[in-house]
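Participant: Listed here are the chains, written in short residue letters.
2 protein chains.
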Amino acid sequence: MNDSQRDDPLAGPRGRIDAIDARILALLAERAELLAEVVATKQREGLPIFVPEREAAKVAAFRSAAVEKGLDPDWAEDFLRMVMGASRARQSTGAFPRAGRSRTILFVGGRGRMGALYAGVFARSGHTVRCLDEGDWDRVDELCAGCDAAVVTVPIRATEAVIARLAPHLGADTLLLDFTSRKSAPLAAMLDAHPGPVVGLHPLHGSDVQNLSKQLMIVCPGRQPEAAAWLGEQFRLWGMRLAEMPAARHDEGMHLVQGLRHFLALLHGSFLMNQDARPQQMLDLSSPIYRAELMMTGRIFAQNPELYADIVFADDGRRAVLLEFLAHHERLAELVRDDDKAGFVAEFERVRAFFGEFAEQALTESNYLIHRLADRFAD
Amino acid sequence: MNDSQRDDPLAGPRGRIDAIDARILALLAERAELLAEVVATKQREGLPIFVPEREAAKVAAFRSAAVEKGLDPDWAEDFLRMVMGASRARQSTGAFPRAGRSRTILFVGGRGRMGALYAGVFARSGHTVRCLDEGDWDRVDELCAGCDAAVVTVPIRATEAVIARLAPHLGADTLLLDFTSRKSAPLAAMLDAHPGPVVGLHPLHGSDVQNLSKQLMIVCPGRQPEAAAWLGEQFRLWGMRLAEMPAARHDEGMHLVQGLRHFLALLHGSFLMNQDARPQQMLDLSSPIYRAELMMTGRIFAQNPELYADIVFADDGRRAVLLEFLAHHERLAELVRDDDKAGFVAEFERVRAFFGEFAEQALTESNYLIHRLADRFAD
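Chain order of the listed sequences is E and B.
Quick note: the first sequence uses the working numbering, first residue 49, plus one each step.
Quick note: the second sequence uses the working numbering, first residue 49, plus one each step.
Keep in mind the hints are simulated off the structure, nothing from the lab.
Incorrect hints may appear among the rest.
Below, computed lysine-lysine pairings styled on DSSO-like, alpha-carbon distance capped at 30 Å [to be verified]:
1) K389(B) <-> K117(E)
2) K117(E) <-> K106(E)
3) K106(B) <-> K117(E)
4) K117(B) <-> K106(B)
5) K117(B) <-> K106(E)
The structure presented is a predicted model; accordingly, all values stated were derived computationally and were not measured.
Modelling step: build the complete structure from the supplied sequences, incorporating the hints.
Facilitator: This is the structure in structure tokens:
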């Protein structure tokens with residue numbers, strides 16, 4: 049025991065806590081090495097990266113073990129999922145398993161961020177990847193020759209023109225795909241321009257993810273779905289979740305998911321500016337939940353305005369939904385103008401009935417987020 | 049090696065991973081016991097629960113150790129903060145350190161959830177706590193006698209009447225406090241009704257927190273601030289962050305933080321209903337960021353509509369801000385109506401300049417949230 053320990057009654061137990069933390073860190077490093085073995089085996093044997101049943105069984109066992117040791121099982125689950133999340137991230141540094149034989153895939157717009165992400169993942173799964181970017185059209189026939197699939201991943205406004213330009217150069221059996229965040233018009237353009245197999249795709253995640261495990265891919269079938277079976281299997285081997293739906297259902301949903309959200313973020317940020325409410329000062333007044341809200345709005349302004357404008361102004365249907373949203377706001381604002389608290393409560397009760405059990409799930413999930421945010425950033 | 053291990057090339061390394069996870073769990077349980085020792089010592093010696101400098105030093109050391117072991121330092125920090133967050137939660141199960149001598153504190157409305165939370169924490173810090181609820185007014189003199197402080201924690205609409213009713217029964221030296229989410233009117237009512245020391249407070253957190261460590265308390269000085277010095281010290285010993293500001297600044301900020309947020313949540317939920325967009329179906333179309341947004345809206349509807357109505361309709365000033373928000377929406381919707389993408393981009397650039405460096409911070413924090421949400425719930 050040294051002098052400072054004699055003076056400080058906390059030094060002893062704190063030193064032992066630090067020693068435990070060091071041992072946990074060493075175990076985590078060892079775990080990471082074992083995991084590299086697992087991943088190498090998966091890659092060799094063509095086994096999926098993410099197996100929901102294995103993860104669920106693992107979580108259940110860990111919760112029981114936590115209860116036996118007197119630890120909170122919810123906390124233990126959070127902990128394990130965080131470790132497993134990092135494990136999945138680490139799995140992205142090596143190779144990925146491949147579905148079936150090696151294919152040749154052409155990325156049209158492969159230097160964009162989403163194209164580059166998928167081109168990298170296909171390549172690391174043992175497929176051959178080619179890129180066709182703006183300067184490469186003089187080599188289009190050479191690049192298309194022998195391709196199993198071609199993925200159009202260019203900005204929304206260019207998609208249909210690029211499809212029309214590309215399709216005549218594709219083999220009749222080549223699977224034609226696109227990654228656009230709208231699906232009806234690009235799918236129609238692909239079906240029109242290409243006689244072979246066609247599928248519309250929309251990866252519902254950012255291009256900054258560490259790998260594709262647990263990420264969601266929307267799949268809108270076009271023509272000859274059997275010709276795309278290997279692709280679905282490949283997505284599942286990467287651990288992706290697939291949601292198949294008609295293009296029209298996707299597009300209507302996206303008006304609300306992407307169009308409304310991004311318009312609301314601009315509206316919120318721009319109103320804070322209008323009120324001269326500096327975000328940094330607002331943090332002094334923010335509970336964790338408002339902090340989360342401010343961060344969700346603020347993140348937009350670190351990104352590309354053209355990209356957001358393309359999303360908000362995607363088409364007439366989306367603009368019509370945004371104008372309906374204004375009309376809806378005008379109706380609800382009547383309650384505020386008339387100081388009609390009872391009307392507010394009645395509307396609240398109607399929405400509560402419509403949301404049903406989802407509201408409880410939302411409370412649980414958002415509480416989890418809020419507590420993580422408070423742990424991580426509120427200091 | 050048993051049969052299934054011979055068949056399954058993953059069984060070996062997976063078994064070793066499971067063994068490591070069991071050892072980590074045992075270390076976490078041991079860590080929790082050591083922490084109980086630390087907490088008991090803190091309580092005995094009147095030392096603060098949360099010391100930002102100690103936590104910062106601990107995080108820096110852990111990051112360095114992670115880098116040495118080949119682990120991602122950001123991930124290691126997330127991990128440690130999660131463990132420390134759980135540690136703080138566990139510290140809430142025992143007693144708390146006390147600032148100075150034991151005081152007697154009267155909670156007026158102590159059966160409400162926020163009152164009950166604070167009454168419990170004061171009691172477990174060795175103070176004497178009394179409660180005055182609706183049925184107790186016949187004993188008001190008895191309950192007020194000898195109190196060092198009285199905290200009014202009743203619904204907004206009752207606050208001023210309760211202050212007027214309570215104040216004549218307080219000793220001239222009793223510190224009068226309130227917990228209302230507005231500050232100007234209650235503070236004026238307290239200064240008017242009570243000649244002694246007065247402070248307005250607003251705890252900026254939910255009543256479901258496990259303890260008060262890292263939570264934010266807004267402090268609006270009223271009269272004789274020196275008489276409340278022990279209280280500030282007590283808040284800090286519990287690990288709270290204090291933000292002192294004039295009541296008017298608090299109230300203006302709250303129009304945007306609480307009023308606008310809750311109105312927007314109703315507007316968003318009610319528009320989804322208007323579009324017949326079931327939240328559970330929307331999840332099929334949700335990237336992690338929209339999932340987070342949907343959860344932040346949905347949580348509202350698992351809660352009390354009267355409470356939200358009180359917040360949204362707090363006063364004329366708040367309603368005026370909400371009507372300005374409508375006018376602002378009408379202006380921005382012109383861009384949508386006119387298909388004016390360039391105007392949208394120009395407004396975006398103005399907001400970006402106003403947000404400044406905050407946008408990058410928001411991107412970092414919200415990415416953290418989104419990745420945690422994907423780890424935890426997207427399966």
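Participant: Please go over all the hints and tell whether each is borne out by the structure.
Facilitator: Hint-by-hint comparison with the structure:
no.: 1; hint: K389(B) <-> K117(E); verdict: 59 Å, violated
no.: 2; hint: K117(E) <-> K106(E); verdict: 17 Å, holds
no.: 3; hint: K106(B) <-> K117(E); verdict: 25 Å, holds
no.: 4; hint: K117(B) <-> K106(B); verdict: 17 Å, holds
no.: 5; hint: K117(B) <-> K106(E); verdict: 25 Å, holds
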